[in-house]
Structure formats: structure tokens, C-alpha cells
Amino acid sequence: MTVEPILAVDGLVKHFTVKTARGVRAYKNTVQAVSNVSFSVRPGETLGLVGESGSGKTTVGRCILRLIEPTAGSVRFQGEELVGMRAERLRELRRDMQIVFQDPYASLDPRLTVGTSIAEPLEVQRIPGDHRARVKELLELVGLSPDHSRRFPHEFSGGQRQRIGIARALASNPKLLVLDEPVSALDVSIQAGVVNLLADLQDQLGLAYVFIAHDLSVVRHVSHNVAVMYLGKLVEVATAETLYERASHPYTRALLSAIPVPDPGVERGRRRIMLEGDVPSPIDPPSGCRFRTRCPKAQDHCAVEEPALVDRGQGHPVACHFPD
Amino acid sequence: MFRFVMRRLMWALPMTLIITFVVYVALRVGTDPLASYLRVNQRASEKKIQQYIETNGLYEGFGGYVRGYLQWLQGFVTFDWPRSIKGSREVWPEFRDAMFNTLRLGLTATFLGILIGLSFGIFVALKPGGLRDATVSTSSFVAISTPPYVSALLLQLLFAVYWSKWFGQSLLPTSGVYPPGHRGFDLVLMIKHMILPVTVVVIQVVAVYARYMRASLLEVLNSEYMRTARSKGISERRVLVRHALRNALIPIVTVAAIDIGAILGGLIITERIFSYPGLGDFFLGAYDNGDFPQMMPWMFFFTLVVIAFNLLADVLYAVLDPRIRLG
Amino acid sequence: MSPRRMAVRRFVKHRAALISLIILGIMVLFILLAPFTARYGVNEAVFKTSPEKPNSFLSPRGIAWLGTDDIGRDLYSRLIYGLRVSILIGLASAFFGTILGVAIGAVAGLRGGWIDDLLMRVTDLFLAFPFLVTLLVLRSVMSNVPWLKPIVGNPTSIRFVVILFVLFGWMGVARLMRGQVLALKEREFVEAARALGASNTRIVLRHLLPNSAGPILVALTFAVSGNIIAEATLGFFGYGPQPGAGATSLGKLVGGAKGALLPGYWWLVVFPCVILILVSLCVNFVGDGLRDATDPKLDGNR
Numbered sequence: 000m001t002v003e004p005i006l007a008v009d010g011l012v013k014h015f016t017v018k019t020a021r022g023v024r025a026y027k028n029t030v031q032a033v034s035n036v037s038f039s040v041r042p043g044e045t046l047g048l049v050g051e052s053g054s055g056k057t058t059v060g061r062c063i064l065r066l067i068e069p070t071a072g073s074v075r076f077q078g079e080e081l082v083g084m085r086a087e088r089l090r091e092l093r094r095d096m097q098i099v100f101q102d103p104y105a106s107l108d109p110r111l112t113v114g115t116s117i118a119e120p121l122e123v124q125r126i127p128g129d130h131r132a133r134v135k136e137l138l139e140l141v142g143l144s145p146d147h148s149r150r151f152p153h154e155f156s157g158g159q160r161q162r163i164g165i166a167r168a169l170a171s172n173p174k175l176l177v178l179d180e181p182v183s184a185l186d187v188s189i190q191a192g193v194v195n196l197l198a199d200l201q202d203q204l205g206l207a208y209v210f211i212a213h214d215l216s217v218v219r220h221v222s223h224n225v226a227v228m229y230l231g232k233l234v235e236v237a238t239a240e241t242l243y244e245r246a247s248h249p250y251t252r253a254l255l256s257a258i259p260v261p262d263p264g265v266e267r268g269r270r271r272i273m274l275e276g277d278v279p280s281p282i283d284p285p286s287g288c289r290f291r292t293r294c295p296k297a298q299d300h301c302a303v304e305e306p307a308l309v310d311r312g313q314g315h316p317v318a319c320h321f322p323d
Numbered sequence: 000m001f002r003f004v005m006r007r008l009m010w011a012l013p014m015t016l017i018i019t020f021v022v023y024v025a026l027r028v029g030t031d032p033l034a035s036y037l038r039v040n041q042r043a044s045e046k047k048i049q050q051y052i053e054t055n056g057l058y059e060g061f062g063g064y065v066r067g068y069l070q071w072l073q074g075f076v077t078f079d080w081p082r083s084i085k086g087s088r089e090v091w092p093e094f095r096d097a098m099f100n101t102l103r104l105g106l107t108a109t110f111l112g113i114l115i116g117l118s119f120g121i122f123v124a125l126k127p128g129g130l131r132d133a134t135v136s137t138s139s140f141v142a143i144s145t146p147p148y149v150s151a152l153l154l155q156l157l158f159a160v161y162w163s164k165w166f167g168q169s170l171l172p173t174s175g176v177y178p179p180g181h182r183g184f185d186l187v188l189m190i191k192h193m194i195l196p197v198t199v200v201v202i203q204v205v206a207v208y209a210r211y212m213r214a215s216l217l218e219v220l221n222s223e224y225m226r227t228a229r230s231k232g233i234s235e236r237r238v239l240v241r242h243a244l245r246n247a248l249i250p251i252v253t254v255a256a257i258d259i260g261a262i263l264g265g266l267i268i269t270e271r272i273f274s275y276p277g278l279g280d281f282f283l284g285a286y287d288n289g290d291f292p293q294m295m296p297w298m299f300f301f302t303l304v305v306i307a308f309n310l311l312a313d314v315l316y317a318v319l320d321p322r323i324r325l326g
Numbered sequence: 000m001s002p003r004r005m006a007v008r009r010f011v012k013h014r015a016a017l018i019s020l021i022i023l024g025i026m027v028l029f030i031l032l033a034p035f036t037a038r039y040g041v042n043e044a045v046f047k048t049s050p051e052k053p054n055s056f057l058s059p060r061g062i063a064w065l066g067t068d069d070i071g072r073d074l075y076s077r078l079i080y081g082l083r084v085s086i087l088i089g090l091a092s093a094f095f096g097t098i099l100g101v102a103i104g105a106v107a108g109l110r111g112g113w114i115d116d117l118l119m120r121v122t123d124l125f126l127a128f129p130f131l132v133t134l135l136v137l138r139s140v141m142s143n144v145p146w147l148k149p150i151v152g153n154p155t156s157i158r159f160v161v162i163l164f165v166l167f168g169w170m171g172v173a174r175l176m177r178g179q180v181l182a183l184k185e186r187e188f189v190e191a192a193r194a195l196g197a198s199n200t201r202i203v204l205r206h207l208l209p210n211s212a213g214p215i216l217v218a219l220t221f222a223v224s225g226n227i228i229a230e231a232t233l234g235f236f237g238y239g240p241q242p243g244a245g246a247t248s249l250g251k252l253v254g255g256a257k258g259a260l261l262p263g264y265w266w267l268v269v270f271p272c273v274i275l276i277l278v279s280l281c282v283n284f285v286g287d288g289l290r291d292a293t294d295p296k297l298d299g300n301r
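Residue numbers (numbering that gives the first Met the number 0), protein chains in the order written: chain A, 0 to 323; chain B, 0 to 326; chain C, 0 to 301.
Any given hint might turn out to be false.
Said to hold, decoys possible - When the alpha-carbon atoms are kept at most 20 Å apart in a straight line, the in silico SDA-like pairs for lysine to any residue are as follows:
no.	chain 1	residue 1	chain 2	residue 2
1	C	K257	B	D287
2	B	K191	B	L157
3	C	K184	A	M273
4	B	K164	C	F56
5	B	K164	C	P262
6	C	K184	A	Y104
7	C	K12	B	D287
8	C	K184	A	R149
9	C	K184	A	F15
10	A	K27	C	S198
11	C	K184	A	L111
Derived by calculation from the structure, the hints in this document are not laboratory data.
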């Protein structure tokens, strides 16, 4: 277990300033999208990053690639610090880390043919070789026909477009892929195909993934480790097996109970933990534990002290005063 | 609501000052009042020139522009306006008369134009796609593509020149407010003189508003909530009046208030062609003479009008559209 | 099918736009072949004048299809030459104005901050005033700054007018481009390009510009007709370009109509006016057709 992590995120913080216009004056508010998030990913492994919308998981993904500038903290990729790195070096490194976006309809330039889109990283990174042949190879790799390269994105279905997005991300032979909810915009029937493709690609190419998702069911089969986020903070990190068997944060347990079980008998007898209310505004997060406003186990103490992410000795850190 | 308006008003003052300062600098550079003065008064003594510079604040350099602007502003608000370069006349009485003439022409034309334009817009939006729609849409497109002086020329040619050739007497006068030499007030004569210029402006306004109204109303009529209202069995007439027109007018009101610049622009051109002694004629006359003391009040007045109407647009929009929150 | 071909197909369906394009094509052919299509030189009288047989103010007839002007020149030929100057001014100033506007709008949209704020304030200011007033004030500033003289030339030169229209015309396009950039910048395909390591220049040239091509083309088209009309307006009031000895422009010809009005020389009024309306109408129709053709809302399945 002494393999160097390919990606190490430490104490990542991202604040956004939001202007709300009221009449002529604009009021500035700070949104704490991500506060103090740390995790690491080893080569060839998948970290599932799970949370509801507004939990900051997408922001984490963007910060890893420095598509947005982190407010504080460190992101080390293959041992190199990305935060504050010179633009040229960062551009070079983008060869090795790529992203697949959530919305396959928005992530491909409608004016470019599929082939041009897939070849763009080769062009930008000035990768030598026959680009056209490489595009065909990539299209086959993601399960599409090589003839498709001359068509336009609008001629494809959502699932096909997502495969094109994956092919583009793979073009420069990266070592790390950030998958930003890669299947949540797709029909359930198509999701499995794309998830399986991603798993196969990982086996074939030895990729590391940061797999961002909003529920635990998708992540379950592909992740080695899972990190659960709530309102910009990590609440629980564990290996996939541990998490699904012995989740100890009330929020994780609520998320787990939301996954339907295929066996109707079990499903009927199961107790679902229903979370009440909405996610509070990150402009003004609750004091103490951020989850306390919706937590079934909340006590007075939770409003006073913020629980730290503590590893209680099993390689399974949890941020809760009263873990299970 | 009150606070919202107050806050906007507080913004309007610095805006006015900044804009008019920029205009001041532009006019100082563009018209070079000192040169114009020397052109008209070629034998002015050194002392007189110096005095002219001081009374008009024509100092050089950025600091000098600021000082000159402030001096001009002080004179402007205390109604101590510098005299015109050509003929050294008082500016205010001429400006005032021109303003009333323009108001009379502009208000009449805008009112008629918007009224007719909106009616046309409604009229075609109710039956889109047919011959009626095509006719009105095409003619409004032609009208928009026709500059006002072109329609003015053609109207003058038809109603004044050729009418008198065919019927021995011209139907409508083509210039001024009254015939030359006329004294006193005469409503009928005045209206007669206004018909052609008003028509020219109205053509433009009608074309613009018919298109706005058509587009806006069609969008509302095709919206979900209109379908819901219909499906509830509300009569078509009631649907139209209660729901559609109100919602369709909201964007138009805002556009109307902001469009004031365009309407005034059409007025300037129209006034000039019909030798109508309004603000447009005033400005172009002053421009030809490079008359800084005449142009500056004009530009200040226009800045105020433009800012006021922008303010009005914001407020009206906020009043009409409950979705805009007034903090 | 490529998006461009779909747009062409939609444009062809807009009948008025198609007809307008054909008319404009014919006009362009006429002015390009002016030495052949015009029957007389720009400054040539139809015949030598004499007291018994004056050549001025002849009504339309065989030797002068559209009549003659005050010194006996053929109006038809002069319209062709005038249209040539006007269309040249319209195209040149619209083209350069659009390039300038696109560049400024792209910078403002990408950079944001104070550059953006300043740009929006300046355009607000310029667009709020009646355009003739703005144009005239700008004109006098341009002609009175000594060090600008070698660049902009004489106020009556064509170059001066083109520069004037460019300085006035970039603002609308800049606003449009800024809006496009702001909208597109949040789209994931632009973020994807950034994630690939693409530079800002590449993102603008490869992704933002092609995706804004439709609206920009439409704006360019309307700018052409706007500038032709602006030239005519300046010319009408006597502030327009004087394109050299005897040469003319639509603005000058329409301006000449003023003097011909009261004596009743109708051809000197009607024909220049009709040509001006026809040009601006056709260009506007083409712009309208382009707008329909490139509107993403009509793009079928996204």
C-alpha cells in the first residue's frame, strides 16, 4: 500500500463571491462552495465523490483541473503542485489529466465535426502522429463506428455523445480522468453501458478516476474508495465495501437507504431514512455540524462544535459527533 | 418603491455630470469656440480675446476643461448662459421656443405613432401568417428601411408640388409653423403645417411599434399560460384583454422609454427638412456655425432627457412586472 | 448535414430574402461593370448644351433614361456611380466596424471586470443619443484634433467617413459579441477546450467565433444598410463625403433632390430616393433572412 498517489488534494477551499443585484447596488456574498477537503487517488483506482447538488462536488472536480482557481489548499498531481503553477506547465500537464462533462449536449462544440472535436487535444497539445488514424482508433475504443468522425454532434444520441466526450478526453493518453456526473444526464437504460465502458477503459488503460455522482448507486460498482460530501465538506471517506456495509455518518446512511434494493421482499421491509427539508444555503451554512438541520440524530452539541473528520482507527474517517 | 426610485435618482446625478463633462470636452475639441469667436470677430483686441476666454471658461488642458466645465455648469444652473457666438444673441429664449415647437410636434407624433403602431401590431398578431400579416409586416419593413428625409421628400413632392400643379393649389404647406409674415396664433394654420412632419415621424414610429407589438403579443399568445387560460373556458376576448395584452405590453413600455433617443433622432431630421423651428433645427444651425454656447445647453438637455427616460423605463418595468423585486 | 448547410436551406426558404439577394446581386453586377452599364461618364453631359437646346433638367427620355440634372448629366449613369461609392462605404465601414466590435466585445466578455463595465457605459452613452447628433459631434472632434489629420484625412474624404462610421459602428457589435461570449463561456464545450489546454486566442477563434457567426453576420448585414443610410443622411444635410471632382454618392444625389423639389423636377427626387430605399430594404431583408436562418432556436434538435 505504499504506491504514490497520482492525485493528492489537501485542504482544498473554494469561495465564490456572488453579486446579488438589488436596484443599482450590488451586494457581495461569499459562498463557501468547498471548505477544507482532502483526499488522494492512486494510479488505476477510482474515487467516487458523492453528494447532493450544491454539495460542492463539481467545484472540487473543476479545482482539481484548475478550471477554477482554488481559494486555498493544495492539489498535487504526480507529485507536482498545481495551485500557483505557471500557465505553460499547466497546459502541458493537461495532457495527463482530463475531464468528462455531465451534459453531453453542451460539452461538444455544435459547429465542429465529431472527428475535429476528438482531435482537438492532439492539436492543442501538438501530439505528433496521424491524427485521423488516432481518431478512428479512439472511436472504436469507445464503441462507436470509425465512420462517425465526419458527422456533427446533433446527429447522435445522448449516450453516443457521452462516448464521444470520453474519446476526446482519452485522446492525449491521460492518466487521470475527472468524470463529472458522466451518466446522470442519460437514460437509465443507457447508463449501465457507459459505466461499463468506463470500467473497461480503466482496466485496459490503467486510468485513475475521480467519479463524481449525486447518489451512491452509480458509484458503487466502479469505485475503490468513496468520499461523501455535504455542503462543501467531506463527511465520510471509506473503501467501497466498508461504506456500503458499515456506513457510519447519518447522511451516508440516508443516501444508502435511498438506493432501491432489487429484491421486493427486502425492499418492502426496509426502512428508508427520509431527509427533511432542503440543503441549507452555502452562503450562510448552519453553525457547528452543517448537517445538523436535517440530521435525525442531531443534539444541542452539534450546533456548537463542528465535528472534525476523524479516523477512528479503521482507515474510515467520519465527521460526526455521534457516528454509528 | 420609493426607496428604489430614490436610489436610481441618486445615481442619475453623477451620471448626468459625467456624461455632460464628456460632451463638454468633445464639443470644446470639436467646435473650438475660441476659433469660432475669432472667425466671427476678426478684429477683436488682445484684451477682448482674453476677456472672452475668461467669461466662457475656455481654459486649456484637462484641468482647464474641468474648470471651464464647472464654470459653464454654474452659469447654466443660474440661468446666466453665455451668449451665442454668431450675433451674440441670448440662447435661452430661442432654445425655449424651439423646445415648445419640438414638444408639440414630438408628442403628437409619438402619441399617434404608438397608438396606431400598437393597433396594427395587435391586428396582425391575432391572425398571423395570412395576407394581412404579410402586408402589414412587409410595409413596416419598407417603412423602417426608409430614412425620414426620403419619405419627407416624397410627401412634399406629392402634396405640395404636384398637388398645386394638378389642382392649382398646394394641399399642405411644406415648411415652418406659419406662413412667412404671419403674426399671432392660429390653430388651423398650425395644424396644417404640422400634418406633413407629423406624418413622416408617425410612419417610422408606427413601423417600429407594429413590429414590436406583433412579436411580443405572438410570444404571449403562444405561451403555456395562455393555453391554460383558454382551456379553462375563458372567452377569447377576455383572454386577450385580461392576460395577453397586459403581458405583451410590459416589454414594449420599457422599449418605448429607451427608444426616445431614436424618436428624437427622427424628429431632428424631420424638422430640418420642413424648416420647422424646433430643437433639431436649432442644433443643426448651431452645429453649422460651430456655436458652442448654443450646443452645450442642447446637449445637456438631451442628456437629462435620455437619463430621465432610462430611469422611467426601469421604474415602469418594475411597476409592471411583479417579478422584479424592489429592494 | 452540417449546420451551415441547414442554415443555407432555411435562408433559401425566406422568399423575400432570396429575392432581395438576387436584386442586390444585380446591383453589384451593375456597379462592378459601371464602364459598360453606365451610358455616360460620371461627369459627362448627355449632349453639348446650347441656348436653343439646353441639356439641363431634361425629363426621362431616350437619351437619358432617368432624366438629367442641373448641368445636363445623365441621372441613370450617376446613380450607378453614386451607388458604387455608397456600397463601398457601406461594406468597408461595416466590415471594419464589425471586426473592431468583435475584438472589443470578445475581450470584454472574456476578461470582465472594469474593462467590461467601461465598455458597457460607453456604448450606453453613444447609443442613447440620436445617431445624427453623435455622428456630427464625433465628426467635428475627429476633424479638429490636429494629430488625427494624417490618419483620418479630410472630413470630406471617403476615408474619413469610413473611419467615422467604424468608430460609431463597433459598439452594437461589441455588445452583441460580449453577450455571445458571456453565454458561450459557461457552456461546457468551452470549458472542455480549456481543460484540453487551449489558449484564450484559440478558444475565441475556434469555438466562440464560429458559434457566434450567425448573429455577427446578421449584425454585419444590418450595419451595411445602416452605413449606407448614414452616408445618405450626412450627404443629404451636406456633411457627407465629396468623392472627388464630379464623382457622386447616393447621399449627394439624394441631397440634390432638395433643390429639385420645388421646381418640380420629380425624377431627381424620385429615382435617388427609390434606389436608396431599394438598397436598404434589400440589405435589411437579407439580414432578416440570415437571422431566421441562423437562429439557434430553430435549430431542430439542439
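Here is what the structure says about each hint:
{"no.": "1", "hint": "K257/C - D287/B", "result": "holds (18 Å)"}
{"no.": "2", "hint": "K191/B - L157/B", "result": "holds (16 Å)"}
{"no.": "3", "hint": "K184/C - M273/A", "result": "violated (38 Å)"}
{"no.": "4", "hint": "K164/B - F56/C", "result": "holds (18 Å)"}
{"no.": "5", "hint": "K164/B - P262/C", "result": "holds (11 Å)"}
{"no.": "6", "hint": "K184/C - Y104/A", "result": "holds (15 Å)"}
{"no.": "7", "hint": "K12/C - D287/B", "result": "violated (48 Å)"}
{"no.": "8", "hint": "K184/C - R149/A", "result": "violated (25 Å)"}
{"no.": "9", "hint": "K184/C - F15/A", "result": "holds (17 Å)"}
{"no.": "10", "hint": "K27/A - S198/C", "result": "violated (30 Å)"}
{"no.": "11", "hint": "K184/C - L111/A", "result": "holds (17 Å)"}
Checked against the numbered hints listed earlier, the structure breaks hints 3, 7, 8 and 10; every other hint is satisfied.
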